[in-house]
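Starting from the structure of chain A, add chain V where the hints point.
Same order as they appear, the protein sequences are chains A and V.
Heads up: the first sequence is residues 1 to 663, going by this note's numbering.
Heads up: the second sequence is residues 1 to 408, going by this note's numbering.
In short, the hints are calculated from the structure, not lab data.
You may find that some hints are simply not true.
Derived pair list, reagent style DSS-like, types lysine-lysine, alpha-carbon separation capped at 27 Å [as the list claims (entries may be wrong)]:
1) V:76 / A:363
2) A:363 / A:566
3) V:72 / A:363
4) A:508 / V:76
5) V:76 / A:566
6) A:566 / V:174
7) A:510 / V:76
In this text the structure is predicted, and so the values were computed from the model without any measurement.
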Amino acid sequence: MAITEKTPLELGPGDSVRYAERPLGVFTRPQGGRGWRDWLSTVDHKRIGILYGVSAMFFFLVGGVEALLIRLQLAAPEGSVLSADVYNQVYTMHGVTMVFLFIMPLAAAFSNYFIPLQIGARDVAFPRLNALSFWIWLSGAIFLNTSWMVGGGGADCGWFCYSTNSGVAFSPSHGVDFYAIGLQILGIASLVSSVNLIVTCLNMRAPGMTLMRMPVLTWMLLITQFLLLFALPVITVALFLLMFDRLFDAQFFNPDAGADPLLWQHLFWIFGHPEVYIIILPAFGVVSEVIPTFSRKPLFGYEFMVFSGIAIGFMGWGVWAHHMFVSGIGPISVAAFSLSTMFIAVPTGVKVLNWLATMWGGKLRFTVAMKFAVATVAMFTIGGLSGVTHSVAPADTQQTDTYYIVAHFHYVIFGGGVLGLFAGIYFWWPKIWGHFLNERLGNWSFWIMLVGFNLTFGPMHILGLQGMSRRIDTYARGYGFEFWNMAATVGSLLIAVSVVLFIWNVVKSKRDAPHLPPPGPDPWDGRTLEWSIPSPVPVHNFDTVPQVHGRDEWWHTKYAENDEGKVVRVATVEEVAQTGEATGVHLPSPSFWPLAVAVGLPLIGYGLIFNLWLALIGALLTIASLYSWALEPVDDPDAAHDHHEEDHEDDENEDDQTGGHDS
Amino acid sequence: MRTLTRRLISWTLVLLGAAVATGCASDAELDTFAPQGPIARELHSRGVLPVFWIAAVVFVGITIAMVWLIWKNRVKTYDGDDEWPAQTHGHVPLEIGWTVGFLVTMIAVAGIMLWSLPTVDATEDNTMAVTIDDHSVMWEPTIVVVGNQWWWEFRYYFSDQMDLADMRAHGDAKTLPPADIVTSGQMVIPTGEEVELIITSRDVIHSFWIPALNGKRDAVPNRFSPWKIEASDPGFYFGQCTEFCGLSHSRMRMQAVALSPADFQAWVDSTSADAVEPTDPEALAGLEVFSGICTSCHLIEGVNDDVYEGADQASGAAPNLTHFASRSTFAGGILNTYNADGSLNRTDLEAWLRDPNALKENYTVPGEQYRGMPDLDLSEQQIDDLVAYLSGLGAKPAGWIIEATQVE
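The following block holds chain A by itself, in its conformation from the complex (with noise of 0.2 Å):
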């Protein structure tokens, strides 16, 4: 309930006073515009998308910098351009970005943009809870950077930092401080979109959209949500144990205390492995949307894809110690944990057929879109392979911590996810702006990347193989090391060329749209609902929620199939897609308290590191936030509707379809 003050409204003739409960002065909701200021206050689901899509490509541009500088000290033997100090927090650093702040925020892109809009629904379940997600993990995601500010460096224990050498002891400087307590408010991001997420996908849905007529992305970015909701605890429970044994001398994980430092070893992995599946579905459900549509054909198999997601989901969870085959746990868990990695690869082989027999027989048209999702099968199948031949324990003893672990989750992660990812880019941006990417500079861009992506981590196999160890400053001569450092250092340099042609596609085809035919639509001949409505989305997505029939409604809304099995068209694009039009629908409005709690964490962490009165202040404004939120009405009578001019009648029956439940 929010505090009120009464205001009187109008007198009509032969009325006593009427009063109006109004929310009182901070906490009116602000009403939503196009300035800079709404970005803040935003809780629709596109524009965080947007925000989420924006900032996770800046700390790709920081990881990549890592990434460089990382292979520069590595381009020849005895590499001098970093200390082995600054090496050892660079490398960290890389790795941590690249997963908690490029993969994961850019896949939570996908999934605050396009779970609404594939369901047929106008916003996430709870909006504000949304933009909470958003802005912790923004200030997350910052406070872990400021540690090169103000913690004496980044945290230099690698990103899987394993005890004890992350104790104060070993690392004494701040930065693993900064990891601990940054990677806690970061997972309270997740946690709060996955918690989001699930209900949208479980009570948003339109009428008639089943679960087993959910698009693949959509699935695929559940069974994601599901891992993060039960992987966020566990590592969350490492990182609180790691920070008391820091900050506060417990003792979780000292061994001269009698503790045992597998025990951090099994907490990160338990998170650590799921991650994985975390970082490469959102990918896998990219590739099954866009393969379909540039091959003119549905997806092969969509139960057999679904249930191979929700298997590697499962079985994801059963196999974290075959990081640690050569730890010591055991014979017997060895054996265990090995024969469970094997029989993942079996849901994942499935998936690469399928998408293979989507293929079969199809008309394959290769955009530069198309090409980045062909490129994360082939990729995605090397890193998969090499996985399959360290999941023998014992070669794995030959092989773990080498750089052909690197090559394979390069190859995964990079080929797999990131290749994946750029495919949804190229896919999606005429929907999200309205214009589309030049595909002359893409398919450049793309090139480039394949080569220098192949250039880099595939020498890394050969380097492994010889013995290279992983997380080395530098190596010395004489191990045959030298000519295939220098060539994956090369195809660095090419990833950034790359990158670079890509923000430039980016400027140049913003600049270039008015000049040309904007896309419509439907650009693509699309499949599923989010190509129905215009591009770029108005705010409220659909002018009237869809009746769904079956998968791929949208294809079915404009083709149907003959009594001979041939394809005809039923529907223009023009006929049946939305127009955009509908006024007076409503909308969850805006609020600023998701950014003043998220502000109160980092100031929390800083606190806990260096004052405990900064705690006090960041625990206060975060609280004070908490209540405010609590306080602020669900509704603002004059705001929350995209259009104003609508009578009251109508907006009332608007509450009922958008189930926009405010949070």
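Then chain V, alone, in the frame of chain A:
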């Protein structure tokens, strides 16, 4: 565009070909595909190669299918609505077929794993006769391997033999029972014997790895993990710590020196003795410097073993220098003790004593626990004296070892 793409691809192929040719020609001492001991060979042929072949076959199959699909089905644009191919939504028997296909493949891979697991886990009860302090004992070849930032210690127990259970019962890696031989950086093993390793650590997690002789095993503080290596021929085998262990992880290296049983016995004889007091005046002066400065961390048996209570380092240990000159490398296996011609590598030894931090980053902040060797601020005279003293500690290794040690 098309010709350009093609040119790019062909240039890449030419480059790759050239690279493979040069890359493989080099002398790669850590190469995991060049196993040299029986365990490593069996691991390679039973575990590594079969699964690589399976992966290669699947990879080639999928790649051919993909390239063929792309080649056959690609179109430039969609001309109109007639262009739609048959709309297949799936084919359940086919899909079950390849699910089962992958399942069978993975069962084969599982077989490879179970077949090769004993290669690294099973141990023999082999023993060899070793004479120690004029007693002959039957020694079950076992070496306790202790990781420290950033060097390895190797402990040999002949008189009071310790097995894995004894070590686990003891529990604490910082106060290990006294051993007959304590050495560092280079592990000396007899040929033709399976050598059991009991691996632990005094500070952070390290990983012990001599790729030519076997895979790796982590050294976890206060945990004692079994591992084993075996060399069939006398030789010199390189290794590198493979678990990230902090600042100078990259400069934590080690070697295994395999000697024939007779040579091994000779090494035991010379290395189990206490250090001999030098006669040369410069070396005597070096002993004095050592006793005044170095003994706060380092131990030399016959010099400070009765008063030594551990080092100032976080690990509580520093390399035992009793037979410093019998090892062909020092400073955690990164520097050569001797030049290729057999003369003392005075340059590196002096440089190390002058400023260890320049050769290997160490963490030595006053008031905090040291990790690695601190800068001792020695005078040039002290350095010369110490070099004279240290170079006389222990028997110089055989010429072939010194030669094999030299990495460019």
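ask   = Holds or violated: are the alpha carbons of residue 363 of chain A and residue 566 of chain A at most 27 Å from each other?
value = Holds, because 14 Å separates the two Cα atoms, which is no more than 27 Å.
(Q) Tell me if the straight-line CA distance from residue 72 of chain V to residue 363 of chain A falls inside 27 Å. (A) Holds: residue 72 of chain V and residue 363 of chain A sit about 9 Å apart, inside 27 Å.
(Q) Please verify whether residue 510 of chain A and residue 76 of chain V have alpha carbons no more than 27 Å apart. (A) 25 Å, holds
Is the straight-line distance between the alpha-carbon of residue 76 of chain V and that of residue 363 of chain A 27 Å or less?
Holds. Residue 76 of chain V to residue 363 of chain A sits at ~9 Å (cutoff 27 Å).
Restraint status (C-alpha distance of residue 76 of chain V to residue 566 of chain A at most 27 Å): Satisfied, since the Cα-Cα distance of roughly 21 Å is no more than 27 Å.
27 Å limit on alpha-carbon distance, applied to hinted pair residue 566 of chain A and residue 174 of chain V | Judged against 27 Å, a Cα distance of about 78 Å means the pair is violated.
Proposed proximity, residue 76 of chain V with residue 508 of chain A (alpha carbon, max 27 Å): This hinted pair holds, its Cα atoms lying about 24 Å apart.
The structure fails hint 6 only (numbered hints given earlier).
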